[in-house]
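Asker: Residues per chain, in single letters:
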Amino acid sequence: MLHTVNKSPFEDRTFETCLKFAQEGSTILLIEDGVYAAAKDTAVAMQVQHALKRVAIFALRPDIDARGMQNRVMDGVRLVDFEGFVDLVTAHRAVQSWF
Amino acid sequence: MSQTEAGVAKKFLYVNRKAPYGTIYALESLEVVLIGAAFDQDVSLAFLGDGVYQLVKGQDTKGLEMKNFSPAFRALEDYDVTKLYVEQDALAARGLTEADLVVPVEVVGAERMAEIMESQDVILSF
Amino acid sequence: MKFGILVNEGPYTHAASDTAYQFVKAALAKGHEIYRVFFYHDGVNNGTRLTVPPQDDRNVVKRWSELAALHKLDLVVCIAAAQRRGLMDAAEAKRNGKDADNIAPGFRISGLGQLIEAGIQADRLVVFGG
Numbered sequence: 001m002l003h004t005v006n007k008s009p010f011e012d013r014t015f016e017t018c019l020k021f022a023q024e025g026s027t028i029l030l031i032e033d034g035v036y037a038a039a040k041d042t043a044v045a046m047q048v049q050h051a052l053k054r055v056a057i058f059a060l061r062p063d064i065d066a067r068g069m070q071n072r073v074m075d076g077v078r079l080v081d082f083e084g085f086v087d088l089v090t091a092h093r094a095v096q097s098w099f
Numbered sequence: 001m002s003q004t005e006a007g008v009a010k011k012f013l014y015v016n017r018k019a020p021y022g023t024i025y026a027l028e029s030l031e032v033v034l035i036g037a038a039f040d041q042d043v044s045l046a047f048l049g050d051g052v053y054q055l056v057k058g059q060d061t062k063g064l065e066m067k068n069f070s071p072a073f074r075a076l077e078d079y080d081v082t083k084l085y086v087e088q089d090a091l092a093a094r095g096l097t098e099a100d101l102v103v104p105v106e107v108v109g110a111e112r113m114a115e116i117m118e119s120q121d122v123i124l125s126f
Numbered sequence: 001m002k003f004g005i006l007v008n009e010g011p012y013t014h015a016a017s018d019t020a021y022q023f024v025k026a027a028l029a030k031g032h033e034i035y036r037v038f039f040y041h042d043g044v045n046n047g048t049r050l051t052v053p054p055q056d057d058r059n060v061v062k063r064w065s066e067l068a069a070l071h072k073l074d075l076v077v078c079i080a081a082a083q084r085r086g087l088m089d090a091a092e093a094k095r096n097g098k099d100a101d102n103i104a105p106g107f108r109i110s111g112l113g114q115l116i117e118a119g120i121q122a123d124r125l126v127v128f129g130g
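Residue numbers (our numbering), protein chains in the order written: chain G, 1 to 99; chain C, 1 to 126; chain Y, 1 to 130.
It cannot be assumed that every hint is accurate.
[Claimed, not checked] Computed list of lysine to any residue pairs in SDA-like fashion (alpha-carbon distance at most 20 angstroms, straight line):
1) Y/K25 with Y/E66
2) Y/K30 with G/L88
3) Y/K30 with G/A91
4) C/K11 with G/Q23
5) Y/K25 with G/G84
6) G/K20 with G/M46
[As the list claims (entries may be wrong)] Which chain G residues stay away from chain Y? Per the calculated CB distances, all over 10 angstroms, these:
7) K20
8) K40
9) D41
10) A43
11) Q47
12) Q49
13) R54
14) R72
15) V73
16) M74
17) L79
18) A94
Simulated from the structure, these hints should not be mistaken for laboratory data. Quick caveat, the model's predicted, so the values are computed rather than measured. No residue lacks a Cβ here, since even glycine has one placed at the ideal position from N, Cα and C.
Please take these sequences and the hints and turn them into a complete structure.
Answerer: Take a look at the structure:
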């Protein structure tokens, strides 16, 4: 399944909730303020790196760029544009949007 | 109209994560469930986080002049919507038990809830 | 592939409508079909033709209308949510005794059944929330 998360992990438990219910092998796409979870050296970076061992994590590049995060994305988090977002949706049976 | 007659009912999951009254999401989500019930699909409801507060007994909204929609959950059975899953941790974290809820539900752990989500065709989150 | 889209927030306050719009545009560019875009909760406010955003900003409503015209998109505003929030077409305005309507070109007002039907008919339903 594809999960999308649009909330900053520093203000809200949405990202944490997503991790709780994302099964091994599923994919998480960070969008809007959710992309802040992709930054390295943050208070949640360890949690994200731990999650990367069991789920794939992507971040929406236009949201990363808009927020000035382009040089802060941690290794292991892959970037996609909107066409990549579409591809992720087609590649999974269903989408759970966390917001 | 009925997809069941065509033999292709889809699995619909409504994910409820918002408390009632503070925002309209819970009420309008329930409106979707009630309309959706007429479409003969395979419907489940999941209550996560503050969503469990939607089901708490004793809601009295007179002082707010808002509509108390919690009795409508009891009507879901008449629409053959009987699969209501409640997150165990969400109840416990809020000092609630199944006995505090207006309808019978299945209380499930995170792993089981994740499986339920994974098995769906359409997930409507509110 | 056929996509159904649900937009749960209005323009400008949340990015949901922007993200949904970019997603729809990308899906169309890749040759996919958009079965329907359904606007619910404050999302119905994406369908008012009375917004006047600053000229140096994007026009969220107009952009949806133009995309709908270009690709024959079915943009559906939920009637119950719309009535609560003062969004109506000419027929609804007349029926409810209102002196004006405000629905933007390319949008139509209909029931929640249209959302369920989109879930049934589309290969994927993607929700954009607040």
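Asker: None of the hints should be skipped; say for each whether it holds.
Answerer: Now the hints, each set against the structure:
1. Y/K25 with Y/E66: 11 angstroms, holds
2. Y/K30 with G/L88: Holds. Y/K30 to G/L88 sits at ~13 angstroms (cutoff 20 angstroms).
3. Y/K30 with G/A91: Measuring from Cα to Cα gives roughly 14 angstroms; hence the hint holds.
4. C/K11 with G/Q23: 18 angstroms, holds
5. Y/K25 with G/G84: 12 angstroms, holds
6. G/K20 with G/M46: 15 angstroms, holds
7. K20: 18 angstroms, holds
8. K40: Consistent with the label, G/K40 stays out of reach of chain Y, its closest Cβ about 23 angstroms off (over 10 angstroms).
9. D41: 25 angstroms, holds
10. A43: Label holds. Min Cβ-Cβ 23 angstroms, cutoff 10 angstroms.
11. Q47: 23 angstroms, holds
12. Q49: 26 angstroms, holds
13. R54: Correct as stated: the minimum Cβ-Cβ distance to chain Y is 24 angstroms, above 10 angstroms.
14. R72: 20 angstroms, holds
15. V73: 19 angstroms, holds
16. M74: 22 angstroms, holds
17. L79: 15 angstroms, holds
18. A94: Non-interface label on G/A94 violated, nearest chain Y Cβ at 7 angstroms vs cutoff 10 angstroms.
Violation of the numbered hints given earlier is confined to hint 18; every other hint is satisfied by the structure.
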